[in-house]
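Each chain sits in its own coordinate frame; assemble them with the hints.
Listed below are the residues making up each chain.
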Amino acid sequence: MPIVIVDGKDVEIDGQERLNGIQAAARAGVEIPHYCWHPGLSVVASCRMCLVETGKKDAQSGKVTMMPKLVPACQTPATEGTVFVTDSAAVKNARAMVEEDLLLRHPVDCPICDKAGECSLQDYHFQHGREERRADIKPFHSRRRSLGDTVTLFVDRCVVCTRCVRFCREIAGTRELMVANRGAHEEIDVFPGFPLSNKLSGNVVDLCPVGALGDKDFLYRQRVWFMQSHDHVCAGCSTGCSIQVDENQDRIYRLKPRENLAVNQYWMCDDGRYGWKHVHDPRRLAQPLRRTRGRAEIADWTALPQELDQRLRSVGKLTMVLSPFLTVEEAFLAVKYARSVDLQARIIQGAVPEGTGDERFSSGFTIRSEKCPNRRGVAQIIRGICGEVQTWSDFLAAEPAAAGAIWIAGGYKTDWVDARQAEFLRTFPLLIVQDLFPNPLTECADYCLPAASFAEREGSYVNYNDRLQSFSWAIRPPAGVKTEARLFWQLLQREGMYRAESVRRELAEEFAYFSALSADLPADGIDLKSNRIAQQAADGTAVMGAIS
Amino acid sequence: MTRFEPVLLANIEKPDSHTLKVYEAGGGYAALRKVLASMSPHDVRELVKASGLRGRGGAGFPTGLKWTFLPKDHPGPIYFCLNADESEPGTFNNRYLMEFDPHQVLEGLIISCFATRASTAYFYMRYEYPTAWQRVQQAVDECYGAGLLGKNILGSGYSLDIYLHRGAAAYICGEETGLIESIEGKRAWPRIKPPFPAVEGLFRKPTVVNNVETAACVAQILARGVDWFKSIGVPADPQNPRDAGSYGPKLYCLSGHINRPGCYEAPLGITVNALINEYGGGIRGGRKAKAAIPGGISMGLLTAGEFDCPLDFNGPGRYGCLGLGTAAVVVMDETVSMVDFLHNSCQFFAHESCGQCTPCREGTAWSLRLMERIKAGKGRWKDLDLLLEIGDNIGIIPGTTICGLADGAAWPLKNAIRKFRPELEEYIKRTNPQGYAETRAVPALQLLGIH
Numbered sequence: 009m010p011i012v013i014v015d016g017k018d019v020e021i022d023g024q025e026r027l028n029g030i031q032a033a034a035r036a037g038v039e040i041p042h043y044c045w046h047p048g049l050s051v052v053a054s055c056r057m058c059l060v061e062t063g064k065k066d067a068q069s070g071k072v073t074m075m076p077k078l079v080p081a082c083q084t085p086a087t088e089g090t091v092f093v094t095d096s097a098a099v100k101n102a103r104a105m106v107e108e109d110l111l112l113r114h115p116v117d118c119p120i121c122d123k124a125g126e127c128s129l130q131d132y133h134f135q136h137g138r139e140e141r142r143a144d145i146k147p148f149h150s151r152r153r154s155l156g157d158t159v160t161l162f163v164d165r166c167v168v169c170t171r172c173v174r175f176c177r178e179i180a181g182t183r184e185l186m187v188a189n190r191g192a193h194e195e196i197d198v199f200p201g202f203p204l205s206n207k208l209s210g211n212v213v214d215l216c217p218v219g220a221l222g223d224k225d226f227l228y229r230q231r232v233w234f235m236q237s238h239d240h241v242c243a244g245c246s247t248g249c250s251i252q253v254d255e256n257q258d259r260i261y262r263l264k265p266r267e268n269l270a271v272n273q274y275w276m277c278d279d280g281r282y283g284w285k286h287v288h289d290p291r292r293l294a295q296p297l298r299r300t301r302g303r304a305e306i307a308d309w310t311a312l313p314q315e316l317d318q319r320l321r322s323v324g325k326l327t328m329v330l331s332p333f334l335t336v337e338e339a340f341l342a343v344k345y346a347r348s349v350d351l352q353a354r355i356i357q358g359a360v361p362e363g364t365g366d367e368r369f370s371s372g373f374t375i376r377s378e379k380c381p382n383r384r385g386v387a388q389i390i391r392g393i394c395g396e397v398q399t400w401s402d403f404l405a406a407e408p409a410a411a412g413a414i415w416i417a418g419g420y421k422t423d424w425v426d427a428r429q430a431e432f433l434r435t436f437p438l439l440i441v442q443d444l445f446p447n448p449l450t451e452c453a454d455y456c457l458p459a460a461s462f463a464e465r466e467g468s469y470v471n472y473n474d475r476l477q478s479f480s481w482a483i484r485p486p487a488g489v490k491t492e493a494r495l496f497w498q499l500l501q502r503e504g505m506y507r508a509e510s511v512r513r514e515l516a517e518e519f520a521y522f523s524a525l526s527a528d529l530p531a532d533g534i535d536l537k538s539n540r541i542a543q544q545a546a547d548g549t550a551v552m553g554a555i556s
Numbered sequence: 165m166t167r168f169e170p171v172l173l174a175n176i177e178k179p180d181s182h183t184l185k186v187y188e189a190g191g192g193y194a195a196l197r198k199v200l201a202s203m204s205p206h207d208v209r210e211l212v213k214a215s216g217l218r219g220r221g222g223a224g225f226p227t228g229l230k231w232t233f234l235p236k237d238h239p240g241p242i243y244f245c246l247n248a249d250e251s252e253p254g255t256f257n258n259r260y261l262m263e264f265d266p267h268q269v270l271e272g273l274i275i276s277c278f279a280t281r282a283s284t285a286y287f288y289m290r291y292e293y294p295t296a297w298q299r300v301q302q303a304v305d306e307c308y309g310a311g312l313l314g315k316n317i318l319g320s321g322y323s324l325d326i327y328l329h330r331g332a333a334a335y336i337c338g339e340e341t342g343l344i345e346s347i348e349g350k351r352a353w354p355r356i357k358p359p360f361p362a363v364e365g366l367f368r369k370p371t372v373v374n375n376v377e378t379a380a381c382v383a384q385i386l387a388r389g390v391d392w393f394k395s396i397g398v399p400a401d402p403q404n405p406r407d408a409g410s411y412g413p414k415l416y417c418l419s420g421h422i423n424r425p426g427c428y429e430a431p432l433g434i435t436v437n438a439l440i441n442e443y444g445g446g447i448r449g450g451r452k453a454k455a456a457i458p459g460g461i462s463m464g465l466l467t468a469g470e471f472d473c474p475l476d477f478n479g480p481g482r483y484g485c486l487g488l489g490t491a492a493v494v495v496m497d498e499t500v501s502m503v504d505f506l507h508n509s510c511q512f513f514a515h516e517s518c519g520q521c522t523p524c525r526e527g528t529a530w531s532l533r534l535m536e537r538i539k540a541g542k543g544r545w546k547d548l549d550l551l552l553e554i555g556d557n558i559g560i561i562p563g564t565t566i567c568g569l570a571d572g573a574a575w576p577l578k579n580a581i582r583k584f585r586p587e588l589e590e591y592i593k594r595t596n597p598q599g600y601a602e603t604r605a606v607p608a609l610q611l612l613g614i615h
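Residue numbers (our numbering), protein chains in the order written: chain R, 9 to 556; chain X, 165 to 615.
Chain X with its partners taken away, still in its complex shape (with noise of 0.2 Å):
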């Protein structure tokens, strides 16, 4: 099999690829040029709907099909807000295309923001990014300085201003409307939809909140052409009309114990095994593999044996996954104990709760405190079963909470457990051979801490 040729990261190998001149020597801002001298924001908004892209930020909703959810002929302002706060363990994409290709998701960006009519942008980026910030920062200032942004850009009669806003380091900042609350000066605390953010959202005004890979990809649109685009993935199940298919190429993050951990572009639909051993060059050491994550810590876990996985919107969902997220794989080999990756995955999830929904706030603390006693060899198998409880009734799918953080402290519990129970229970046995049937309630150990 041939390896698929980079489209994203065409750029990033070349020496100062996060310049404005290199970016243009490669054909960059072709695109913008053709768009604001020649179509209208309906004919972007109607192309980019016919490519099928879905949004890249993780839940994948289809990026045409949001833009028209905001009002018809509203007298603005209209915003637009770039989620560059990639907080999801596992995941650095959106950190390759910001430092090595800036320019590129600028771009997107402004050909996203004239589709939406909006006329100011925020891009919205973690605190832990400093060399992304100052490499956006500096295309920022390029692209003003080129007359790409400000008023009347490129003669078109356009005006664009973007903000980099510099998050502070919280993981919910990266739910939309957190991030919205987060950009008003609030704390990120998700706000309860309805209103949606394209009717209601940054400052009460209509706004978008896309993520830097997605844009990257409406500039490789608007460049290529929908037919290029829907000749890559996987097409929409003709039996389910629902399915809005799995288009384009798409940037996976692969870490964990393999040879060769890095950001790699591959069509939508590539498998657990195949980015494994075509990409990341097979296992660590020779050893077996026996768990991965599909697409950050939140999608959940697939075992060994189900790495057969296709990599698209739909595929991690048949193996009891969530989702395909952020496409951030985390191979895990046969020395990790499913303990400390359940351990792992609770302390981060109570540690970034907002702390708003009860049954995410208490649940994700609870389950942590019940994994510190398994691992420190106090667990009992009962524990086991309240922890699926918890697992089983905190998140948006059951309803029991505002934003889908807490669907993502669920599935690790959830797929572990019910995936590895075997492990988690022998574990339990020999760390405790005393207690670890008993059922009456036992006192509990001071908790280390979370913070």
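Looking at chain R on its own, in the form it has when it is part of the complex (with noise of 0.2 Å):
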């Protein structure tokens, strides 16, 4: 294993990984400052932020020999022997100018800027800056423009370290943002007429190190440091991006991407980050209703859950929808609880929102046609209960007997079922539907049970690709509503509050495809393929074709 000496202290890499010298000082514990380096994107080592002074250890004789110059660290390979000075004088000042000719232009209007608080100008300026500053020549004047639909920028905040420009190039392969003009004139630009209009676009925003790029949706909000950061997977569609849900008393106010390079690397797509929304939407349902006789009147969740279990169990016979939107564990205790009611129970797959196709940038991140993160999670188990997994448009199609109960778990933000459809199902005698809008279904259910959002939910996603990511809830519900997974707890009759972690341990026991959720997670998830392909050769099913 190769040897990287950062101040004095060896490293230890893999020889494959590659390592720039900004990447094996961070595993020294040493920070390089840097601007235009990011792990996504392409190395033009401009900023000059990440001067360090380099050089080589002689493997026999142990003799250093330096550079005479300081080099960028990004541009700088880790190999065995390479030698990292990232604290002498000479990088110490270097910084320095690098700061102070960041800020001769800069308006430095921090108090009304958005990135104060996670700025890296501010950040290292208060690291490596001069103490005082020497240019007294006018500073510029704080010019804004808009550069499409999402991105606003503020043009003399930039530090033209082209993170956007190469991220258009590069990522989303569109190539709208370019630099303008030459030297201390340059600024960031798009040709007229073609503005900023690609479904990644937000991610300039969180890519631009300074407070340049703008972003829209989020613009004087909110100040991040009131802000609290949740790990999330996003629901938006199939791909189940790792983000982070930013929050504050509750309420969201944005989501960034998390780095996961199993699944999203970096980036997210637009769909997914404003696709929060409905979340705070007032026309959510937040009560639960009883309807007798076609007269609603809202009911107390103090009893509801007991009232819900003697009516399903006098009728006895239960059909049980699941929805992709339900987290992996809340649709075991939901199966559960339904064998529990009728052993003969019939589980549904819920109905699976499709958009026009996938939609592919030049860098292979993809935007699923499946808007909905957990179809293959849901399908896991019932296929591992039942054997075989119904679909919803299967049970329409087969035009089933509407007899005993039946429990629709929703959870969509968008419309799902037409008022044909929602003819035919009240025909149960009992039918019980939550969901997180008023619909032609919760229009005439028996019971309308308020359901949870994905910011809410506790649990775990399987993606297109069988990875499967847990998280945490990063709000609180609003109140009235009870999540799924507390619903099904509290009807399974079990003690203490419902923990995911727990029911993870059930499910890695009861099942051959969760087996890996015995141990503790990785923040990028696990990858669950082989189970599947393991488990579709035990069924006779091609391997070839699981594989594909």
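Source of the hints: derived by calculation from the structure; they are not laboratory data. Beta carbons: idealized from backbone N, C-alpha and C, even for Gly.
Calculated lysine to any residue pairs in the SDA-like style (CA-CA distance at most 25 Å, straight line):
no.: 1; chain 1: R; residue 1: K77; chain 2: X; residue 2: Y483
no.: 2; chain 1: X; residue 1: K350; chain 2: R; residue 2: G156
no.: 3; chain 1: R; residue 1: K64; chain 2: X; residue 2: I356
no.: 4; chain 1: R; residue 1: K77; chain 2: X; residue 2: G481
no.: 5; chain 1: X; residue 1: K539; chain 2: R; residue 2: H193
no.: 6; chain 1: X; residue 1: K357; chain 2: R; residue 2: P10
If you want the ones that stay clear, here's a sample from chain X, every Cβ over 12 Å from chain R, calculated:
no.: 7; residue: A174
no.: 8; residue: E188
no.: 9; residue: K236
no.: 10; residue: P253
no.: 11; residue: A310
no.: 12; residue: S395
no.: 13; residue: A400
no.: 14; residue: D401
no.: 15; residue: P405
no.: 16; residue: P431
no.: 17; residue: G449
no.: 18; residue: K452
Put into structure tokens, the structure is as follows:
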């Protein structure tokens, strides 16, 4: 294993990793400041903030030969015997010089800048800048212009790191952004008539190390230091991007992508990024309703679970419809409960919202057509218990006899059921519906229960590629809403509070597919594909089909 | 002392010197015929290497050595770029060659392409040379007509196409990787190295970038031989194994306050004094010289007392300058104010900085702002220290930038302030008697604008 020496400390790295100086130093616990370098983008080495001294240690003699000048760490590969010095006087002076340079024309309007608090320019200035401003020249104005529907540019805050330009070229492949003019007159811009309008545009705001690019959706809504970040998984499509939910007092202000090299690298799409508005929609169902002879009344959660249980047991026969928005744990608890009521309970895979096809970008990042996060996870639960999966459309097409009770766990943010379907479903003697928004079905259900949104759930999603990622809740549900997990937990008369982790242990024992859940899960999730292939091989399905 | 008999400029006085007929009448393209008939690319490379020819574009890198950096047995294509983006202030030797003897350049270019096994060459010419552009295009057309370019040149089996590419008037396009980016249709932002162009250059293929005068020298080396070339100039210092010597004739561009400005051919190593007196006819109006730029503005400044500096690849460096550069000597007489010189220099580099690297983008603009203020009579002595600090901290020598433009911006600052500090201090004190010694921050002037 190659040894790299950072500030005199030996760091062992994997020879296959191809790390640069910034990454190698991070292994040694040394942060090298940088603006233009980003692990997901090409190296341009132009901001010059990561300048370090470097050299080579001779393996035999142990003698270190240093290069006579500074080099950018981002462009210097870390190999056996590479020496990095990040704390010498020359390095400190170079960093101070770059900071001073970047602040020459910067408006220093931190008090009204969205980035303040998470700004590299701010942080690095405190760590590496000079105490005194020697540039007694007039600061520039603070100009602002729109780049597109999602992003606004604060021209004079820019440090021309070109991350946003490279993102549009290398990841989105749409090339809207460019650098206009030359020298100190340089500005990020779009070509007239061709605004920034790709579905990954929000990422350029995350990429911007300073406050130059502002997200119009988030602009001036919240100071970053008031928000808490919670690791979560996007529920917008079956890609299942790792995200972080930034909230303050149970109100979401923005979603940001979280690094997950196995799923979304560093990015997320705008559909997902701005796809949380329904969580705080005033039209959302927020009270459980009981409907008797057409008259709806607000039910009381204290007694409701017991009442539901009694009604279901008195009907005896049960059909359970599981939405692909449920977590694996919730689906499992729901099935458990259904089977405790009716040993023959029919379990149906709920409606799967479909878009108009996958949207693929030049880097390979894909927005899936399947607009729900957990079809595979729910299907695996149903398959594990019922042997095969009956889908919602199969169920409706079969025109089953409307006998017994039907419980439809929804949680959809879009229209998913029409009046005709509702007309059929209301013929069941007992209709229980959980959903986020009023629809023809909730209008006629015997019991209409408010569902939780993705940010309120705790559990795991399995994405299109059999990767399971777990998360805990980011915000508490609004008053009057009980998450599905808690309701089923209660109906199963389990002790204490719902805990996703303990349910995962059960899953690992009961389902071969989920066997890996017996151990703690890494932050980027685990790949269950081999389990599925093994399972399908056991079922006699062609393995090649499973891989494709 | 007898005047050096011009070789590179031998044709320029002839009528219609830019035509194929006149060039061939003077023995032109004989070297190319010889090369194609009897030499292998390897032979040519070895010959040029043995001649000790160093690139005439500014950096003085040995040409033959540069060619050997190309990967061996590369399946191709290998590209050749001829750098005719001659933008260094004070420099016009390429222009002479292209306007008055384009075929000499083309002959050298074809031989160079043959030696490097390139089958496509891009002739990158700066926008501001319309006559040269017309004449080179005409010369290229003549060559195609005479079978000197195109498929199967002179029946040798070697094929070469030359594309004349006109730049869009940016100084940075003369930097070799900036030039490559520009040909590819991008912003001329110099690339980070490695990979060097010889490994991965134009269109990500191995590429050689040579200067126009270098190509002309290659033609002459092939025509007259290595011994002739090595008999001219300054031999390598035997005490210094890293010295590649300064062989051959050089085109010196002499301008400024002298009686006969122009482009003169002389052996490498001629002193500034000799150049001014023997070729330039002395300082204009009988005045005294004050300073001279040794090789384009980015090389720095020589004081009048340093005019014994030999203009070879090592000479100016010994006098605190950056190097020989393009060998464009600009002479300033005693009427020139160093404040004006420095302001002009700062304005040029702030205007031409490509804006990629922070230290250069901001450093050049900052130094211009400081010079504007000094020039306007609001300067302070401490500004000189700041200018010096900027100068010492930008460029590839301290390692803070990708390309050498910033070094070029730094050297006039460093040289002018270190060599002419009393004059600059005197100017500041005279024009700003109240505030010259002020050390507190004072409000700045509105910049008049760089563009």
